[in-house]
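A.B. asks: Residues per chain are reported as follows:
Number of protein chains: 4
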Amino acid sequence: MGTGRLEAFTDGVMAIIITIMVLEIKTPHEATPAALLASLPILLTYLLSFVNVGIFWNNHHHMLHAADTVDGAALWANLFLLFWMSLVPFVIRWLDETGFQPLPTAAYGAVLAMASVGYLLLEWALVACNGPQSKLAVAVGHDRKALVSLALYAAGIALAFVHPWIAIAIYVGVSFAWFLPDRRIETPRR
Amino acid sequence: MGTGRLEAFTDGVMAIIITIMVLEIKTPHEATPAALLASLPILLTYLLSFVNVGIFWNNHHHMLHAADTVDGAALWANLFLLFWMSLVPFVIRWLDETGFQPLPTAAYGAVLAMASVGYLLLEWALVACNGPQSKLAVAVGHDRKALVSLALYAAGIALAFVHPWIAIAIYVGVSFAWFLPDRRIETPRR
Amino acid sequence: MGTGRLEAFTDGVMAIIITIMVLEIKTPHEATPAALLASLPILLTYLLSFVNVGIFWNNHHHMLHAADTVDGAALWANLFLLFWMSLVPFVIRWLDETGFQPLPTAAYGAVLAMASVGYLLLEWALVACNGPQSKLAVAVGHDRKALVSLALYAAGIALAFVHPWIAIAIYVGVSFAWFLPDRRIETPRR
Amino acid sequence: MGTGRLEAFTDGVMAIIITIMVLEIKTPHEATPAALLASLPILLTYLLSFVNVGIFWNNHHHMLHAADTVDGAALWANLFLLFWMSLVPFVIRWLDETGFQPLPTAAYGAVLAMASVGYLLLEWALVACNGPQSKLAVAVGHDRKALVSLALYAAGIALAFVHPWIAIAIYVGVSFAWFLPDRRIETPRR
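Residue numbers (numbering that gives the first Met the number 0), protein chains in the order written: chain E, 0 to 189; chain G, 0 to 189; chain A, 0 to 189; chain S, 0 to 189.
Simulated from the structure, these hints should not be mistaken for lab results.
Careful, some of the hints might be misleading.
Derived EDC-like pairs: lysine to aspartate or glutamate, alpha-carbon spacing no greater than 20 Å straight-line [said to hold, decoys possible]: (1) S:Lys25 x E:Glu29; (2) A:Lys25 x S:Asp142; (3) S:Lys25 x S:Glu96; (4) G:Lys25 x E:Glu96; (5) G:Lys25 x E:Asp95.
Covered stretches of chain G (in silico footprint by chain A; criterion: 3 or more residues with CB under 8 Å from a CB of chain A, positions within the stretch not fixed) [unchecked claim]: (6) 9-20; (7) 118-126; (8) 147-161; (9) 165-178.
Have a look at the derived ranges for each label pair, beta carbon to beta carbon [stated by the list, open to error]: (10) G:His28 x E:Thr31: 47 to 53 Å; (11) A:Ala153 x S:Ala150: 43 to 49 Å; (12) S:Lys25 x G:Lys25: 30 to 36 Å; (13) G:Ala153 x A:His64: 51 to 57 Å; (14) S:Glu29 x A:Leu146: 52 to 58 Å; (15) A:Ala157 x G:Lys144: 50 to 56 Å; (16) A:Gly130 x G:Ala153: 27 to 33 Å; (17) E:Gly1 x S:Ala150: 34 to 40 Å.
Each residue gets a CB set at the ideal place from its N, CA and C atoms; glycine is no exception.
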């Protein structure tokens with residue numbers, strides 16, 4: 000099987016996730032600067048989530064570009080990735096409604112971490128079906144970066160119970176680490 | 000007519016259904032483990048629905064891959080399938096709001112059963128327009144599995160009135176039966 | 000310009016319209032047959048709208064299939080069509096919230112009528128840019144059927160103020176007239 | 000990298016934005032002409048937003064049509080554009096809920112202005128990676144029109160605090176300036 004329809008379906012789901020997140024966010028209660036300022040944390044969380052979905056999409060784009068075929072295992076690994084990404088709007092709404100308390104902040108990190116696991120599963124499934132000598136396998140390598148990110152997310156989840164903003168800082172840091180190199184080396188992997 | 004635009008439209012609708020289901024789910028009322036636990040049943044129903052849409056998409060992908068042409072009857076059979084799938088978010092919301100009572104649980108099974116009928120109609124329409132010797136007709140065969148699934152859904156709908164969790168167990172069982180072979184024989188049909 | 004991206008964008012918008020309509024519908028208040036029955040009118044309106052979007056999509060599919068090129072006028076005629084179709088979920092919600100009163104029922108017909116106007120504008124724009132001898136121009140002809148439909152919608156809008164169900168009956172009738180031939184002659188136009 | 004998947008993802012996001020805006024709009028409170036009239040301002044704002052997304056999509060379509068390749072910078076410039084466009088439904092909802100007060104009206108202009116900045120960034124990124132002699136670079140030129148539009152949006156944002164309708168009039172004017180030439184010269188740029 001070719002990669003065309005997998006890419007199309009994934010594009011559709013990611014396009015929807017990235018867009019409907021904004022439906023989950025409550026507007027400022029009044030038309031005042033103070034009310035807009037009070038909405039700033041959730042708007043920044045939306046920005047962070049948008050960037051994260053963008054990073055996943057970018058890397059997905061590059062990875063599938065290097066792959067020639069997909070099999071059933073890759074289809075389900077991809078659905079696993081999309082399942083966890085689809086929960087991002089859900090945890091954002093929870094964060095917004097409860098005002099950035101420890102548990103929802105940890106849940107936000109857990110969802111991003113599980114999406115990263117899904118990305119790794121997809122990577123392994125694609126390498127398995129394209130072969131160890133394939134362009135894809137060479138480009139992906141050992142993907143130490145993804146494993147380090149997972150460890151950082153785990154730390155963030157734990158530290159959310161010390162203070163939510165420590166966790167958020169870690170999530171932002173991981174995103175930066177993925178965002179910046181993408182622009183330089185043009186062979187991003189996640 | 001080729002199959003391209005039918006696939007694209009179906010991908011779009013399924014991508015939206017699989018994603019907006021999460022909009023229908025109420026977040027936990029508080030930022031506590033107890034509140035998260037109380038949301039577990041509906042989150043698991045979301046997971047079950049996600050897997051079901053994923054199974055339909057996977058099998059649709061394989062079936063259309065084997066088809067060369069579509070006609071008007073196939074377009075409408077496909078819309079019949081999509082109509083019932085589009086009701087999945089609606090019954091999930093009803094389940095969530097009423098707390099897993101018999102009638103919404105039966106309705107959930109009825110919607111999945113009608114979607115399966117739609118899948119069979121699409122299968123028959125495609126076999127009719129691709130011919131009995133086509134690659135598709137050979138791959139599909141008599142599709143006894145789909146008919147057995149329908150009978151099980153009927154049983155689940157009836158047993159929902161004995162106890163909702165019996166019905167849910169049957170729905171989960173049918174999903175497993177479709178999920179597992181897909182990974183082994185790589186020629187899934189539904 | 001080729002027709003590819005116009006088709007892709009239209010598929011996306013129609014896929015979303017056909018799917019999000021269900022988000023607008025309130026679930027039955029209770030888990031009882033009586034409550035489900037009370038939701039029947041709005042569910043049937045959803046079915047009618049689903050069929051109508053399906054008819055538009057089907058005919059759009061056939062029309063673009065016969066076209067070779069699109070120009071700026073066709074892009075905007077297509078957006079005009081999509082604008083009115085995007086209001087279908089809005090009027091459905093209004094119908095649901097006010098309980099099928101005359102004005103929203105008339106508005107529902109007006110939205111379908113304007114979408115039909117958009118379809119005719121797109122038809123004319125495509126004939127103009129593909130030429131009077133093109134496959135498309137021959138297939139489309141004078142499209143008397145579309146003009147008769149428009150007249151019937153106008154009648155339905157007026158009669159909604161006599162009784163909403165007269166209007167609904169006319170809308171259903173027009174949909175049937177478009178739905179049935181599609182399956183027989185395989186060269187549907189709207 | 001080719002432009003195919005960037006176009007597909009952008010089509011998906013823009014299709015969703017253009018469609019879900021209508022979900023944000025409250026229906027008239029009653030089934031009366033007076034209530035419908037009271038909804039007119041927000042419906043016209045929806046129309047204005049629909050036209051603006053349509054203009055962005057049209058110009059994006061033309062620009063990508065002229066481009067041969069995209070790189071990482073173009074992918075992120077495109078995501079920057081989509082981020083600001085995704086906030087359009089959010090500010091429309093805010094406008095609707097607060098009744099067209101100065102701050103949300105200014106915010107609406109700011110979102111459109113930032114989307115225009117995103118469009119310019121994408122234009123520059125594409126020119127940079129396709130080369131100064133490319134078909135794209137010649138077609139785009141200096142894009143004075145986009146810079147003048149930005150200045151007008153800035154004026155609109157400031158004048159929203161004098162009176163919201165002055166700002167709205169400027170936004171409508173800018174949209175007209177983009178809408179009309181598209182139909183005449185067939186080489187729109189934004």
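A.B. asks: Per the coverage rule (Cβ-Cβ under 8 Å, at least three residues), is the stretch 165-178 of chain G covered by chain A?
C.D. replies: Coverage by chain A is violated here, the residue count being 0 at a Cβ distance below 8 Å.
A.B. asks: Check the following: the C-beta atoms of Gly130 (chain A) and Ala153 (chain G) are separated by a distance inside 27 to 33 Å.
C.D. replies: Violated, since Gly130 (chain A) and Ala153 (chain G) (Cβ atoms, about 55 Å apart) do not stay within the stated range.
A.B. asks: Tell me whether the statement that chain A covers the stretch 147-161 of chain G is true, taking a Cβ distance below 8 Å and needing three residues at minimum.
C.D. replies: As far as the stretch 147-161 of chain G goes, the hint is violated, because 0 residues have Cβ atoms under 8 Å from chain A.
A.B. asks: Taking only the CA atoms, is the gap from Lys25 (chain G) to Asp95 (chain E) under or equal to 20 Å?
C.D. replies: holds (13 Å)
A.B. asks: With respect to the beta-carbon atoms only, verify the hint that Ala153 (chain G) and His64 (chain A) lie 51 to 57 Å apart.
C.D. replies: violated (39 Å)
A.B. asks: With a Cβ-Cβ cutoff of 8 Å, does the stretch 118-126 of chain G contain at least three residues near chain A?
C.D. replies: violated (count 0)
A.B. asks: Taking the beta carbons of Glu29 (chain S) and Leu146 (chain A), is their distance inside 52 to 58 Å?
C.D. replies: violated (34 Å)
A.B. asks: Between Lys25 (chain S) and Glu96 (chain S), is the straight-line Cα distance small enough, at 20 Å or below?
C.D. replies: holds (9 Å)
A.B. asks: Taking 47 to 53 Å as the stated bounds, is the beta-carbon spacing between His28 (chain G) and Thr31 (chain E) within them?
C.D. replies: violated (28 Å)
A.B. asks: If you draw a straight line from the CA of Lys25 (chain A) to the CA of Asp142 (chain S), is it 20 Å or shorter?
C.D. replies: violated (48 Å)
A.B. asks: Holds or violated: are the alpha carbons of Lys25 (chain G) and Glu96 (chain E) at most 20 Å from each other?
C.D. replies: Holds. Lys25 (chain G) to Glu96 (chain E) sits at ~11 Å (cutoff 20 Å).
A.B. asks: Quick check: the stretch 9-20 of chain G, covered by chain A? Criterion 3+ residues, Cβ under 8 Å.
C.D. replies: holds (count 6)
Going down the numbered hints, you'll see the structure goes against 2, 7, 8, 9, 10, 12, 13, 14, 16 and 17, while the others check out.
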